[in-house]
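Novice: Now for the letters of each chain:
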Amino acid sequence: MASTTEDKPSMGERLQKTMQDLPDNVQSSQAWNSIFRPGSIFRKGYTDSPRNRSYVVMNSVLYHLHPVKVKRHAVKVSYTLCLGGLSFFLFILLTVTGIFLMFFYRPTAAQAWDDIYNLQTGVTFGLLVRNMHRWAAHLMVLSVFLHMARVFYHGAYKPPREFNWVIGVILLTLTLLLSFTGYLLPWDQLALWAVTVGTNMMGYTPVFGDQVRFVLLGGVEIGSDTLLRWYVLHVLMLPFVIVIFMAIHFWRVRKDGGISGPL
Amino acid sequence: MTEIPEHLRKRAEEARKKAEADAGASDAGGGDAAEQTPEQAAAASKIPAHLLERSKAAKAAASGGGDSGGDAPAGGGGTAVATAPAATAAVADNGGPVPTGPGGHTQRLLTVVKSGSIQDVRATPLDKVHVWPHLLVVEFVAALIITAFTLIFSIFVNAPLLELANFNATPNPSKAPWYFLGLQELLTLFHPMVAGVTIPGMGMFALILAPYIDRNPSNKPNDRKFVISLFTVFLMFWAVLVIIGSFFRGPGFLFEFPWNSGLFFEL
Numbered sequence: 357m358a359s360t361t362e363d364k365p366s367m368g369e370r371l372q373k374t375m376q377d378l379p380d381n382v383q384s385s386q387a388w389n390s391i392f393r394p395g396s397i398f399r400k401g402y403t404d405s406p407r408n409r410s411y412v413v414m415n416s417v418l419y420h421l422h423p424v425k426v427k428r429h430a431v432k433v434s435y436t437l438c439l440g441g442l443s444f445f446l447f448i449l450l451t452v453t454g455i456f457l458m459f460f461y462r463p464t465a466a467q468a469w470d471d472i473y474n475l476q477t478g479v480t481f482g483l484l485v486r487n488m489h490r491w492a493a494h495l496m497v498l499s500v501f502l503h504m505a506r507v508f509y510h511g512a513y514k515p516p517r518e519f520n521w522v523i524g525v526i527l528l529t530l531t532l533l534l535s536f537t538g539y540l541l542p543w544d545q546l547a548l549w550a551v552t553v554g555t556n557m558m559g560y561t562p563v564f565g566d567q568v569r570f571v572l573l574g575g576v577e578i579g580s581d582t583l584l585r586w587y588v589l590h591v592l593m594l595p596f597v598i599v600i601f602m603a604i605h606f607w608r609v610r611k612d613g614g615i616s617g618p619l
Numbered sequence: 094m095t096e097i098p099e100h101l102r103k104r105a106e107e108a109r110k111k112a113e114a115d116a117g118a119s120d121a122g123g124g125d126a127a128e129q130t131p132e133q134a135a136a137a138s139k140i141p142a143h144l145l146e147r148s149k150a151a152k153a154a155a156s157g158g159g160d161s162g163g164d165a166p167a168g169g170g171g172t173a174v175a176t177a178p179a180a181t182a183a184v185a186d187n188g189g190p191v192p193t194g195p196g197g198h199t200q201r202l203l204t205v206v207k208s209g210s211i212q213d214v215r216a217t218p219l220d221k222v223h224v225w226p227h228l229l230v231v232e233f234v235a236a237l238i239i240t241a242f243t244l245i246f247s248i249f250v251n252a253p254l255l256e257l258a259n260f261n262a263t264p265n266p267s268k269a270p271w272y273f274l275g276l277q278e279l280l281t282l283f284h285p286m287v288a289g290v291t292i293p294g295m296g297m298f299a300l301i302l303a304p305y306i307d308r309n310p311s312n313k314p315n316d317r318k319f320v321i322s323l324f325t326v327f328l329m330f331w332a333v334l335v336i337i338g339s340f341f342r343g344p345g346f347l348f349e350f351p352w353n354s355g356l357f358f359e360l
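Each protein sequence line maps, in turn, to chains R and E.
Residues 357 to 619, numbered by this note's numbering, are exactly what the first sequence covers, in order.
Residues 94 to 360, numbered by this note's numbering, are exactly what the second sequence covers, in order.
Where hints are given, some of them may not hold.
Claimed, not checked - Here are the simulated EDC-like pairs of lysine to aspartate or glutamate, each with C-alpha atoms no more than 16 Å apart in a straight line:
| hint | chain 1 | residue 1 | chain 2 | residue 2 |
| --- | --- | --- | --- | --- |
| 1 | R | Lys427 | E | Asp220 |
| 2 | R | Lys432 | E | Asp220 |
| 3 | R | Lys432 | E | Asp316 |
The hints are simulated quantities; they were obtained by calculation from the structure and are not laboratory data.
Next comes chain R alone, as it looks inside the complex:
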């Protein structure tokens, strides 16, 4: 190697070459190929072809939610109105905003209301995120309810989808419970008395009504224990349960032959 200094490429040229080769080098590296499965469109880039269209779904985590192909009428917005998907998306939105709120909230009668007040006045985007959490929650109750109506009017609960309808009713109940447990957490007059009215109704359950009420409230009256109990239900237990039922719900949609119809 008898190269002189003139033969050597300059710093700028070498940098340019490095930048040119970078995409290829990254895509052929072991790290990159360990992240993306064989056949993933991220391994070698995407060009539009029927095969790559299949690979987008087949070789990504999306395959847990969607098949590679669906019936043509299933992608019509006028058929599904996107209500099931929107309910799920609102749940994700609520999880994200809810995690944000958890950083600023302590579920005790002495601190809860002050924490919410400070969140609204002293935390960047605190008020906005709380608003989004609240409105998204109401929207979710509404969209789950409308989803149920849509499914009923399309007769989509008929065999083989009977059991998925039952899971859907459970999901509706869980959605209402999630919304209701969240209602108490701000610990203001609205929360306290709405929950008082609600739990009084549950106290009328025959035979063991008082016990039901006692377990729900963590005592005979609404208080700090109730707040902690409903907080844990709201942020941990009910989301955990609803995610399990959602997984079964989505799995059954595919196993029962995709969405129903066309009419």
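Since the structure of chain R is provided, determine the placement of chain E on it from the hints.
Specialist: Only chain E this time, still in chain R's reference frame:
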């Protein structure tokens, strides 16, 4: 092309060598060459020896009786197709199973099995589209729209935060969250046990059992007029109760028109 397994290739090679050796021996012997000719032909072309034999016999029979083909039945017994006994004199003379049908056919059609009876053939191909991009784009746009809507709505409308909870100051009226206001409305009409437990309990029960009660297999709206009306009544019943409970109940949970006494409603 598929690869031929080693042992099969060897076996084929050996068989070919043996066949060549046999042919050479019979040539050297120079005896009944007629018997060996088909085997040589079989080695060259891929037609089995017994079939060649048979066609030869048939040709001989058709031409009016041959003398050489008859004495070599070869592997004719191995055919799976049951053949009709040939009526020609030549075959009868030789006594060998030389099979020919009435029209000179060497096979007979025993039965026809239609493909539908043993195979699951999809009659009509389904009209399907790729999830990407057709479905994912729709879902993504829907997610964007709902996010944008929630965000913009949240910028302009604040979630309520009333004063600190106070056990000694019961607001008038006290209302449950809106989705329970139908139940609270029922409380004004029935005993709490009926309004708070029996009716909603039966409602939930009926909802869960709906697919098992409705035995009508059709999903066409025209075939399900009764069920659709029933469900619409069910929905309207709750919707009307919720609306009354939300907007038409004032202090003491008494009936009020919102344009007279204002709204008593918080989300």
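Novice: Hint by hint, where does the structure go against what was stated? Just the numbers, ascending.
Specialist: Hint 3 alone not satisfied by this model.
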